[in-house]
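S.K.: Below, each chain spelled out in residue letters.
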Amino acid sequence: MSASLIGRRLSPLLACIGLLCIWQAAALVLKTDSFPTALEAIRAIPSILGDHEALLNILDSLRRMVIGLVLAALVSIPLGLMMGRSRAIASFFNPLLMVVYPVPKAALMPVIMLWLGVGDVSKTLVIFLGVSIPIIYHSFQGAKAVEEKMLWSGAAMGLSAPQRMFRIVLPAALPEILTGCRTGLVLALITMVTSEMIARQNGAGNILFNALDMAQYETVFAMIIIIGAMGIVLDAAFEKLRARLVRWSEPDVDIPVSFS
Amino acid sequence: MNARVVSTDIVLGILPIALLVALWQALVTFGYAPVSLLPPPGLVFARLAQQLVSSGYLHDIAATLFRLFAGFGIAVILGVTIGLAAAVSPGINAVVRPVVRVLAPLPKVALYPAMLLLLGFDHASKITLVAADALFPILLSTYYGASMVEQKLIWSAMAAGTPRSQVLFKVVLPAALPSILTGCRIGLVISCIVVFLAEMITSSDGLGHVLVAAARTFQTVDMFVPLITISLLGLILNGLLHGLRTYLLRGFPEV
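Protein chains in written order, with numbering that gives the first Met the number 0: chain A, 0 to 259; chain B, 0 to 254.
Errors might be hidden in some of the hints.
[To be verified] Listed below are several chain A residues computed to face chain B (Cβ distance under 7 angstroms; list not exhaustive):
hint : residue
1    : Ser10
2    : Trp22
3    : Ser90
4    : Val110
5    : Leu113
6    : Val185
7    : Ile223
8    : Gly227
9    : Asp234
[What the hints assert, rightly or not] Computed far set for chain A versus chain B, every beta-carbon distance over 10 angstroms:
hint : residue
10   : Ala24
11   : His51
12   : Ile226
[To be verified] To spell it out: a stretch of chain B is covered by chain A in this simulated footprint if at least three of its residues, at any positions, have a beta carbon under 8 angstroms from a beta carbon of chain A; those stretches are:
hint : stretch
13   : 41 to 53
14   : 71 to 82
15   : 88 to 101
16   : 105 to 112
17   : 189 to 198
18   : 201 to 212
Hints are computed from structural coordinates only; laboratory data are not their basis.
A virtual CB, placed ideally from N, CA and C, is assigned to each residue, including glycine.
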């Protein structure tokens, strides 16, 4: 392993430590009860994770998030690919998606709760809705950018339309689709937290906002660290998977242009 | 010929929205959903028209728009500045990259309680949340746009006598503009979503507050009105940004 690679692996860790140090310093300067130092917040983490009920709550949240995300991917990727390959399908769905896009999906929670109750179904549905649009959009872009020539060659070699979709369009659009899934992953976490905060019943979001209401500030900040860490770890894991799946795709645009 | 393709597109596009409203109406008419849970669309749109001329509701819209624009504006300024700086200077890049890598996947809503505790329940905490959420798409697309600028363009500009200090504004910034505007578009939609959520969590005015207040008293009609309003606002703002984009990018090769 070369030195630069070690540097690249370590730099996010260093950034984490740096941010925690800034937090610690800010808390020491401000000195208010409602803003505990980073160390105090970190010390509160084991008591949350050690609590059986809280741990189950957090795992429940994660399970809902994964189910919503997987369902959304199963529906959105085929839809996006078809939109990318057919002009008619694209112009059929595009305006609808544009109308739905700016509506915060977690804001549908109160309405959906009226119909489906406060249980798992409504929360998973909200996550599903929140995640779908970016995945559809990126699959659409990816499928649209597939080179016509490859499709023609495929057709000339006797591939049927569904086969072309599976063997040419899907792999060619995969890098773009995975970018969409990565955005979707972060959105799923956000929607998860907000939906649980609106339907206060269980889950990580509920612990966070209950602690806020009861003025348990260490717990508030400890939960922020836990949820934040979930985001960072899931994103990093997904990035590893992505790199493995699309190793053939061009490498990251990492090199900054210098004009000096 | 071209006009006909466009008009077919419009008809095809309106179809699913019309179908959705028809389905909604049908669910109510045939009694699958009680009116108390799903009010008929006519009632909702009538209420929307009535609300749009009432001063109280307009005040809520104004509060939401103010927070949205303030947060989005901060995100654009910070995002473009940091993105350009990181693309241009390797030193800044070395600091910004890992920090962005850690902060970008962080669910910012989880930080909202901290912002409430630090900045209070007023505008400041909501604007900060909007800015934090809209910042990263803008920053990343600025960075990628600026780092993909062709070196040849920069060399040509310098050969033509552009001083080094001006290369950034005369070559890199315009060349990165399409990418920056794409980032702004994503940031704008995110701002719409986040400002609404922040107002739902804690607020005494704004569209999100209208929804929560209606939900607490089971006024289903009033729950749909703010949702439709934010969708319309998003469409209008998106349209405006698209207009700005066509104006700024006139003369650019196919965007």
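S.K.: Compare the structure with the hints numbered earlier in the document and write down the numbers of the violated ones, lowest to highest.
M.R.: 2, 12, 13, 14
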